[in-house]
Each structure stands twice: as C-alpha cells, then as structure tokens.
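Asks: Once you have looked at the hints, place chain B with the ligands on chain A.
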Amino acid sequence: MRELYEFLSGTGVWIAFVVFTGGLLARLAFLAGLSRERDKVVYNHFDGGWAWRSILHWLLPLGSVSFRQQPLFGIAFWVFHAGLLVTPLFLGAHNQLFAEAFGWSLPTLPDRLADWMTIAVMAAIVFLFARRLARPEVRILSTAWDYALLIIVLAPFLTGFLAYRQIGPYELMLNLHLLTGEVMLVVIPFSKLGHLILFFFTRAFIGSDMGARRAIEGRLGARTW
Amino acid sequence: MSDIETTAEAPEETQAPEETEAPAEAQPAADDNQPVDVAKIQSILESNLGARMRTWLSICARCGLCADSCFFYLAHDKDPKLSPAYKIKVTLGEMYRRKGRVDRQFLKQAKEIIWGQCTTCRRCSMFCPFGIDMATMFATARAVCNSQGVLPAGLARTKQNIIESGNQMAMANEDWIETCEWMAEEWGEEVAGLEIPVDVPGAKYMYTVNPREPMYYPQDVGMMAKIMHCAGESWCVPTEGWDCTNLAMFCGDKAAAAIPVRNMYASAQKLGVQYILMTECGHAYRSGAFEGPYFLDIPGGKPPVPVKHSVQLFLELIKSGKIKIDPAKRLKEPATVQDPCNVSRNAGLWEMLRELSLLLCEDFRDMNPNGAYNHCCGGGGGFIPMGPEYKRRRMQSGKVKAEQIRATGAKVVISPCHNCFDQLGDLNKEYKLGYKVLSFKELITEMMIVPEHLIPREEDDDDAQGGEE
Ligand code: SF4
Ligand code: SF4
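Taken in order, these protein sequences are the chains called A and B. Numbered by numbering that gives the first Met the number 0, the letters in the first sequence go through residues 0 to 224 in order. Numbered by numbering that gives the first Met the number 0, the letters in the second sequence go through residues 0 to 468 in order.
Extracted from the complex, chain A is given alone in its bound form:
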C-alpha cells in the first residue's frame, strides 16, 4: 500500500500530467495543422468578436437559449463543470502538494466550501447519469462509454470526499483517489472530454460562421447562443 502510494503520488502524477498536457497539445497541434489545408472556411470568416461571444455565452450559467429551455439541466451542467474545474485546482490539500512539488501554489478554497462543492459535483453527476437514462433522446445516443466517462469523472470526487471525511479505509481511499484522478486526466485528451480545449475552437467557428460571415453588406449574423 505504501509503495503504491509512493508511486501514485509521485511518478503516477507526473505521468498523468504529462499525458494530459502532451495529449491535449498533440491533438490540438494535429488538428491545427490539418485545418490549414482542409478547413479554409474557418480562417476565411473568423471574427474575434463573434467567436468570443459564442464562447462566453455558453460558459455563463444559462447563458444560451438552448440551456434556458432546459434550465434544470443547464444548472446541473454548469455546477458540474464549474465544480469540476475549480474544486481540484483550488483545493487546500492539492495546493500543499503543488507547493511541495513545484514551489508554488494557487489561492485555496476554505475546506468547508470545497467539501460542499464536491457534494454538488457528485450530485450533478448523479443527475446527469439519471438524465441520460431517463430522457429517450439522450438514452438513444448514449453508449456504455458515455456512462463510463461519468463514472470516471465521479470516482476521484467520491474517493477524495471519502478520504477527506475518513470514511472507509483511509489509505485505500487515498490510493484510489490518486489512481482515479490520474485515470481521468489521462482519458481527457483521448475522449470526448477533449472538449475541455476543443470546445473553444468549435464555438469560435460556429459563432463566426453563422455570425460574422453573414453579418456583412447590411445583413445580420445569427447568434449561436
């Protein structure tokens, strides 16, 4: 257990971070190269203002017409994403590790708040899982992998939560927490979770294409949010 911990909290973390960043960067570089040759339309009509608004509105809670039509989902979705990004990055315990490893750390969240945010993220995941099963138009699209991904994302939160609360065997929980967190990081670049980065590009494209590209010569552009 001890060696496992040593590995997971040392080399394991490094591997996960390298694969995560390297994977995302490689995917991005590959797509960028490809786009120069095959996606001229992206460059022809790109417009910063339209791109930015198209991104921003989908980041704000219920910032899009689409989410306003399903507000409950919209909120669960937002809580899920916000919690997912913010909690691990600004968690006190993680930042202690950052400080030890790199000599710097980020501002931290009060533990109580982080605790609540973790609960919120888990609740949102349960909701998203249930929604996937309950709504026919979502169920029909869902593959086993879509459910698995939700669980992959849930796992580090659940184990971290249990470890923090000292529920269950602490060492095991901690190891599981490290392992599942690392698995999640490694999966991101190679799955639909790559949208962590790609979201910005697809949104920039559609915002410019349906907006700026039409909004010339006295015409308007359609808002894709």
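Take these hints with a grain of salt, some might be off.
Distance windows between CB atoms, simulated [what the hints assert, rightly or not]:
hint, chain 1, residue 1, chain 2, residue 2, range
1, A, Leu171, B, Ser42, 49 to 55 angstroms
2, B, Tyr215, A, Tyr42, 38 to 44 angstroms
3, A, Phe45, B, Lys435, 40 to 46 angstroms
Anything over 12 angstroms on all C-beta distances counts as not near chain B; from chain A, calculated [stated by the list, open to error]:
hint, residue
4, Thr10
5, Ile14
6, Phe19
7, Leu105
8, Thr107
These are calculated hints, taken from the structure and not from any lab test. Think of the CB as a built atom: it goes at the ideal place given N, C-alpha and C, for glycine as much as any other residue.
Replies: For chain B with the ligands alone, kept in the frame of chain A given last:
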C-alpha cells in the same frame, strides 16, 4: 409544381463537401446487389475529414440538447430517432466508423435519413453546446450517397438538367429571353416604356431568377420589371447564368453545384455589374452569396460580385422613396411572414423581412419562434424537388410550421422564397389553414404608385375612346 424549385432551407452549410462526382447516368435507385465503389466513398470521407469534422465526430457529448431544435423531431412526437445527433450517428457516423465499407442497402437507408429527415436548415447548430455543424455533416453524407447514385429520384433528375443545360429545368437561354420579351410587352401596357434590358454592360444590377418563373410563373418576371422600371434602376438580365438556384447543392454534388454559380458569376463579371440581384429565393441566395465560392474554390470564400436578395433591394427602394406604396392599398388582412432558413438564419435578412412587412401590412403578426430561430417550413434542403415520393413526409414534418401559422391567425403568409412558397401552399391545403401565400414582389406591384410620367397615355391605348375631351 412539385418538381420545381428548391429553395429555402438550409443547404449544406459552409463549404461544399469536397469532391463528388455524379456517376454519368444518375440512376437513383440502382439495384440492391449492385456493388458500391468503396474506394470512392473512402476518398470522399477522407477528403472531408478535416479538423472540424474530426472534432465534431469526436466531441459530441451525446447530451441531446439538439433534439428539441429540430422540427422533424418536434413534428413526430419527439421520436428520439429524429434528433439531429442520432441521425448523424447512424449515417455519417456509421460511414466513418466502418471506414467507408458500407453496402448499397446501408446507403439507401441513409438516404431516407439524410434527405428524408433533414433539410439542412442549421437550426440545430444554434442549440448544440459545441455548435456542431450538422448540416455540413449531412452534406458530406449526401456526397457519399450521391457518389454511388443513391439519391432521391427528383433531385437526380434536376441535377442531370443542371449538368446538361446549366439550369435546373433545362430551359434554353433563347426561351428565357423570349419570356422576358413577352413579359416586357405585356407589362408595358401597365407601365410606359417598360423594358427588360438584356446583357447591358455596366448595369448596376444583373437580375437572376428561379427557372420556374419563366417556366410557370412568367408574371414574376414582369413584376420585377415593373418595380425596376418605376424605380428607375439600372438593371438587366443575362442571356446566360440567369438561373440563380442550385439544386445540385442539395445533392451533395460539388462538381454539379459549381455549374450554375460559375455561369452566374461569369456573366456578372463579364457585364461588369455592381450586384447580382436575386429573385425571392432562399437556397439560391445561400448558394450565390455563401456557398458558391466554395464550390468554385474561390480563395477567401466570397463571391466575386456582391449578391443581393430582392428583399434587400425592395426595402432600399421603398425607404428611399424610389418606390412609393399607396397607403390605401396596404394589406388589411392579418398577415405574417415566413422566415426562409436561407434568407433569415443563414443569411441575416430577418429584420429586413419585418421592416418590409410592416411597410406593406396593417396587421402584421409574427410567428413564434421567428427570425434566426425560425423553424424550417419543411420544404427546404431539396425536399420540394424530391417530389411526390416524399410528399407525405413533407406534410407531416410541416406540422410545426402549420401550427406556427395557425397560431398567428394570418390570412396572408408572405414568402420571400420559392421553396417555402410551395410548401406553404401545400400545408395550407393539408391543414386547412385558409391563407394565401404571396411574395413581396406581388404585394409591392399591387400596392405601388406608378409615377405619373410612367402611366401609359390614353392615345397609346387601343381601348381609348378616341381623343380626349
Ligand atoms: S439541420 Fe435542421 S432539419 Fe437537419 S437535423 Fe438540424 S434542425 Fe433538423
Ligand atoms: S447538442 Fe451537440 S453535443 Fe449534444 S447531442 Fe446534439 S450534437 Fe451532440
């Protein structure tokens, strides 16, 4: 008129699917056992597999948010199989997953989805968190099917016309010009000195039409002449490249789709006109103003000569006072305006439609949703020319539009698109809605005040009772 036009809703977005050649004899329904050319399919899939396509295929979150945006889904009690993401998944998604190794049976099933369950209207892209451009994806799937001669028979015929004659109805250029002459004569009785100038170098506008006008609705050409003449605009019609429509675009056939735009741009450049002016047609505008440059691989993706839709011009003319509307003749009945996908959402003219409607109608009532968020009428993306085989489906999916119109209580529906025009007419009968469908030019020619000096003098009039008193 079913075989006619197409117009409206959304075509394949953005750029044309790369590469697609029609098999010489576009035989739509070949036999199931006939082998497919897998290498060809693979090359189309490959050439369309750019950064966007890869990204779209891989990041769809399967969230289902796009479902509610699609009128096919809404019109069929939210059948999950009609959600945009599902339709992509089982067609284009499958094609890529199987690396192009699909059989004819598969392509025929795909055909019923990519043409029979999507008008490429692009509404779904506005509701997807990633803005996945489903219409471009469907267009690619259409390109694959088209490459194997699997496409709706009506479209295959129309495409053949374009390949053989340069226009969708295989009308001879001489017949087109003759129609113009005939209309000039007929409408000359209403407006003194009216003419339809042909091939005038340096004219401001080169006016292009939907071939169904000279073919079935020649009066449309006359109406335009009346408006242009009374406004004193400098304009002409071209002998060649006068068809602004582009049904090949809906076939996913880039090579064929390039033909009409090439002809049209070439005439405009040769004549040195300032604008290509288009009749009230939606998909023609989309083709000419947005997609055409990509069919021709024009760097920068813009048409060589700016393209203007009739509604843009009409609004300018009325606002500038070049055309005066008789206030007494404004429409009294409740009226609404149809937002053709390719005029509103995909071309940004929805505010102009409303401004113009308000100038012409006393009791204007908007549909909901409207503007960029409009629902497709159900006749776009090639649906109308797909003909009787698809008519039942067209009526069913048009339910959403029918309900929208019913809710307004309108007795007149203005349609600045030929394709919507036909679909709205059919919906009117199917759902017993009791409205009239009119184009803006019909309304304007009815309501406009012909300037004093253009009112034909009595002595020119055969029926005149001898000299004036
Ligand atoms: S493009 Fe229009 S018709 Fe096609 S799936 Fe999207 S919303 Fe439906
Ligand atoms: S809304 Fe977009 S991401 Fe969600 S299922 Fe539809 S296509 Fe996929």
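Asks: When you take the CB atoms of phenylalanine 45 of chain A and lysine 435 of chain B, is the distance between them in 40 to 46 angstroms?
Replies: holds, 44 angstroms
Asks: Report holds if the minimum CB distance from threonine 10 of chain A to chain B is greater than 12 angstroms, and violated otherwise.
Replies: Consistent with the label, threonine 10 of chain A stays out of reach of chain B, its closest Cβ about 29 angstroms off (over 12 angstroms).
Asks: Taking C-beta pairs only, is isoleucine 14 of chain A more than 12 angstroms away from all of chain B?
Replies: holds, 23 angstroms
Asks: Quick check: does the Cβ-Cβ distance between tyrosine 215 of chain B and tyrosine 42 of chain A fall within 38 to 44 angstroms?
Replies: Holds, since tyrosine 215 of chain B and tyrosine 42 of chain A (Cβ atoms, about 42 angstroms apart) stay within the stated range.
Asks: Is the nearest CB of chain B more than 12 angstroms from the CB of threonine 107 of chain A?
Replies: holds, 30 angstroms
Asks: Indicate whether the distance between the beta carbons of leucine 171 of chain A and serine 42 of chain B respects the range 49 to 55 angstroms.
Replies: holds, 54 angstroms
Asks: Would you say phenylalanine 19 of chain A is clear of chain B, with no C-beta pair closer than or equal to 12 angstroms?
Replies: Holds, because the least Cβ-Cβ distance between phenylalanine 19 of chain A and chain B comes to about 17 angstroms, which exceeds 12 angstroms.
Asks: Taking the closest pair, is the beta carbon of leucine 105 of chain A still more than 12 angstroms from chain B?
Replies: holds, 27 angstroms
Going down the numbered hints, you'll see the structure goes against none, and every one checks out.
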